[in-house]
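Make the full structure from the sequences, and use the hints.
For the record, in the sequence shown the residue sitting at position 239 is 239 according to this note's numbering, with numbers rising by one throughout.
Note that these hints are calculated values from the structure, not bench results.
Ideal Cβ positions, reconstructed from N, Cα and C, are used throughout, including at glycine.
Some hints could be false.
[Claimed, not checked] The calculated label-pair distances, taken between Cβ atoms and stated as ranges, are:
#  : residue 1 : residue 2 : range
1  : S26       : L115      : 52 to 60 angstroms
2  : D63       : D122      : 40 to 48 angstroms
3  : E260      : L124      : 26 to 34 angstroms
4  : E91       : I238      : 52 to 60 angstroms
5  : S106      : T222      : 31 to 39 angstroms
6  : S26       : I238      : 45 to 53 angstroms
7  : K76       : P24       : 48 to 56 angstroms
8  : N204      : S18       : 20 to 28 angstroms
9  : N236      : H27       : 38 to 46 angstroms
10 : N111      : V220      : 41 to 49 angstroms
11 : N62       : N108      : 23 to 31 angstroms
12 : Q158      : E228      : 34 to 42 angstroms
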Amino acid sequence: MNNTMINILWLAKSEYPSGSRLEPHSHDYYQIYYVTSGEGDFIVGNEIVTLGRGMYLFTRPNDIHGISDTREVDGKPLRMLEVKYVVFDREFQESLNKLPIVCQGSENIENMLELVFNEAIDTLPWYLEISTHTFIAALYYMVRYQKIEISTNSQKSQVVEKIKENIQENYKNEVSLDKLSQFVGRSKNYICKAFKESTGMTINLYLNKVRIDKAAELLVNTNLDISEISNDVGYNNIYHFIKSFKKIVGTSPGNFRKNELSGNALVSSKVRAIATIPAQQTRNDV
1 MNNTMINILW
11 LAKSEYPSGS
21 RLEPHSHDYY
31 QIYYVTSGEG
41 DFIVGNEIVT
51 LGRGMYLFTR
61 PNDIHGISDT
71 REVDGKPLRM
81 LEVKYVVFDR
91 EFQESLNKLP
101 IVCQGSENIE
111 NMLELVFNEA
121 IDTLPWYLEI
131 STHTFIAALY
141 YMVRYQKIEI
151 STNSQKSQVV
161 EKIKENIQEN
171 YKNEVSLDKL
181 SQFVGRSKNY
191 ICKAFKESTG
201 MTINLYLNKV
211 RIDKAAELLV
221 NTNLDISEIS
231 NDVGYNNIYH
241 FIKSFKKIVG
251 TSPGNFRKNE
261 LSGNALVSSK
271 VRAIATIPAQ
281 QTRNDV
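Put into structure tokens, the structure is as follows:
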């Protein structure tokens, strides 16, 4: 294992108070957001995925990602270990690029990330070599673990994809677990568990996300009023629509339309960095 395979640019332990946001963005390096407490609704391309304790977001260069909302769990806010890094080894890049953007972590991975962070904080002799090699080992664990998960869940993935397709085609109408269960030929308990394990979100949250995505398009591209849009995307109650829209997007439908049409940015994040290690301290000249 060679530490010139990667270069750690930045490390942070961060805390997001309830209701925080991180605007969707992308960059030309890799980044990992590993959740150690709390819960957040992460923006992944055009989707919203809920991540809780022990899950992580694995972003590649140019992946669009952000956070639309955060919540406390057991009295603890969303806290994460964050790593920004670049990869120089092409074969290693190919392996990393096969990882899904939303992953389930493990005790080994979390412990190694903590060691990476602690080494960089303490800056004892050989700290850079130890933190870099440990981080590379953590990445190998991620690749290994996800390969096992993917290879043993192909049938489950097919069920999840069928559910997604059905929701995307029928979001304007009533969508129930009974109908979805009958459509894919599996029990309600099975499809709920499979969907949550595969996507990190419940079927109901995915349905709401599809409806809200369609509503956002109508808010920007049409002159329909909010009540008309609410009905058009499958909501029978406008107050439920407004509440769902605000939860997923982070602002009301009216504010969203105003901000989008005026070109103003949405609410910025209230993230607080508990501790950070900037690029100049962790960069390894290659």
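Comparing the hints with the structure gives:
Checked against the hint of 52 to 60 angstroms, the pair S26 and L115 fails, with Cβ atoms roughly 29 angstroms apart. At about 31 angstroms, the beta-carbon gap between D63 and D122 misses the expected band of 40 to 48 angstroms. For the hinted restraint 26 to 34 angstroms between E260 and L124, the CB-CB distance of approximately 50 angstroms leaves it violated. In this structure the hint that E91 and I238 lie 52 to 60 angstroms apart at CB holds, the actual value being about 54 angstroms.
Distance hint check: the CB atoms of S106 and T222 are about 46 angstroms apart, inconsistent with the given range 31 to 39 angstroms. A beta carbon spacing of about 34 angstroms between S26 and I238 contradicts the range 45 to 53 angstroms that was offered as a hint. About 25 angstroms separates the C-beta atoms of K76 and P24, a value inconsistent with the hinted range of 48 to 56 angstroms. For the pair N204 and S18, the beta carbons lie near 21 angstroms from each other, so the given range of 20 to 28 angstroms is met.
A hinted range of 38 to 46 angstroms for the beta carbons of N236 and H27 is consistent with their spacing of about 41 angstroms. Taken as a hint, the range 41 to 49 angstroms holds for the pair N111 and V220, whose Cβ atoms sit roughly 45 angstroms apart. Between N62 and N108 the Cβ separation comes to about 29 angstroms, which falls inside the hinted range of 23 to 31 angstroms. Taking the beta carbon of each, Q158 and E228 are about 36 angstroms apart, inside 34 to 42 angstroms as hinted.
Hints 1, 2, 3, 5, 6, 7 from the earlier list are contradicted by this structure; the remaining hints agree with it.
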